[in-house]
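Trainee: Residue numbers for the sequence shown follow our numbering, so the first one is 1 and each next one is one higher.
Simulated from the structure, these hints should not be mistaken for lab results.
Every residue gets a Cβ at the ideal spot worked out from N, C-alpha and C, and that includes glycine.
Treat the hints loosely; a few may be bogus.
[Stated by the list, open to error] Label-pair restraints from in silico Cβ distances: (1) A103 to R49: 34 to 42 Å; (2) K59 to E28: 35 to 43 Å; (3) E89 to K126: 29 to 37 Å; (4) R78 to V111: 54 to 62 Å; (5) W26 to K59: 54 to 62 Å; (6) G64 to K132: 15 to 23 Å; (7) E75 to S55: 18 to 26 Å; (8) A125 to K59: 43 to 51 Å; (9) E75 to R101: 37 to 45 Å.
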Amino acid sequence: MSLTETRYTISEVEARTGLTQHTLRWYERIGLMPHVDRSHSGQRRFSDRDLDWLSFVGKLRATGMSVADMVRYAELVREGEHTVEARRELLERTRREVRARIAELTDALGVLDFKIGMYAKNTDAKNTVARKAQ
Numbered sequence: 001m002s003l004t005e006t007r008y009t010i011s012e013v014e015a016r017t018g019l020t021q022h023t024l025r026w027y028e029r030i031g032l033m034p035h036v037d038r039s040h041s042g043q044r045r046f047s048d049r050d051l052d053w054l055s056f057v058g059k060l061r062a063t064g065m066s067v068a069d070m071v072r073y074a075e076l077v078r079e080g081e082h083t084v085e086a087r088r089e090l091l092e093r094t095r096r097e098v099r100a101r102i103a104e105l106t107d108a109l110g111v112l113d114f115k116i117g118m119y120a121k122n123t124d125a126k127n128t129v130a131r132k133a134q
């Protein structure tokens, strides 16, 4: 780490990420955040690398990955290069789950589109009848 690397307070990280300070502290406590540097007075000082990690964690959350799996992934990262295969497997499993959810949602969207189309035809037909009656 260079001396000129930008550091962010927990308030600044909250503003940049939308995560509450409580959530950021919790992430650190459960091991989801790598070691966060502290100032000489004990204040957390987040780096750009920490912000990148939080962005990635946000993507994992969006997939529906469990907190336990996210913590496991973080542990594997900290353990080093020999865990690459385990990390890949965890991400591949999550990708399969996301694809299955996308398929379910695509099917549900098709049903909604069909129903909306039926209602639109019904409304159009009623409007046509009403205009002819005038």
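Trainee: All hints are to be evaluated individually against the structure, with a verdict given for each.
Mentor: Hint check:
1. As the Cβ distance of A103 to R49 is approximately 35 Å, the hint placing it in 34 to 42 Å holds.
2. Range check, K59 to E28: about 19 Å between beta-carbon atoms, so the 35 to 43 Å window is missed.
3. Evaluation of the 29 to 37 Å hint for E89 and K126 yields a failure: the beta carbon distance comes to about 56 Å.
4. Our hint of 54 to 62 Å for R78 and V111 is violated, since their Cβ atoms are close to 44 Å apart.
5. A hinted range of 54 to 62 Å is violated for the C-beta pair W26 and K59, which are about 18 Å apart.
6. The hinted window of 15 to 23 Å between G64 and K132 is violated, with their beta carbons roughly 51 Å apart.
7. In this structure, E75 and S55 meet the distance hint of 18 to 26 Å, their C-beta atoms being roughly 19 Å apart.
8. Roughly 46 Å separates the CB atoms of A125 and K59, a value that falls within the hinted 43 to 51 Å.
9. The supplied range of 37 to 45 Å is broken by E75 and R101, whose beta-carbon atoms lie about 25 Å from each other.
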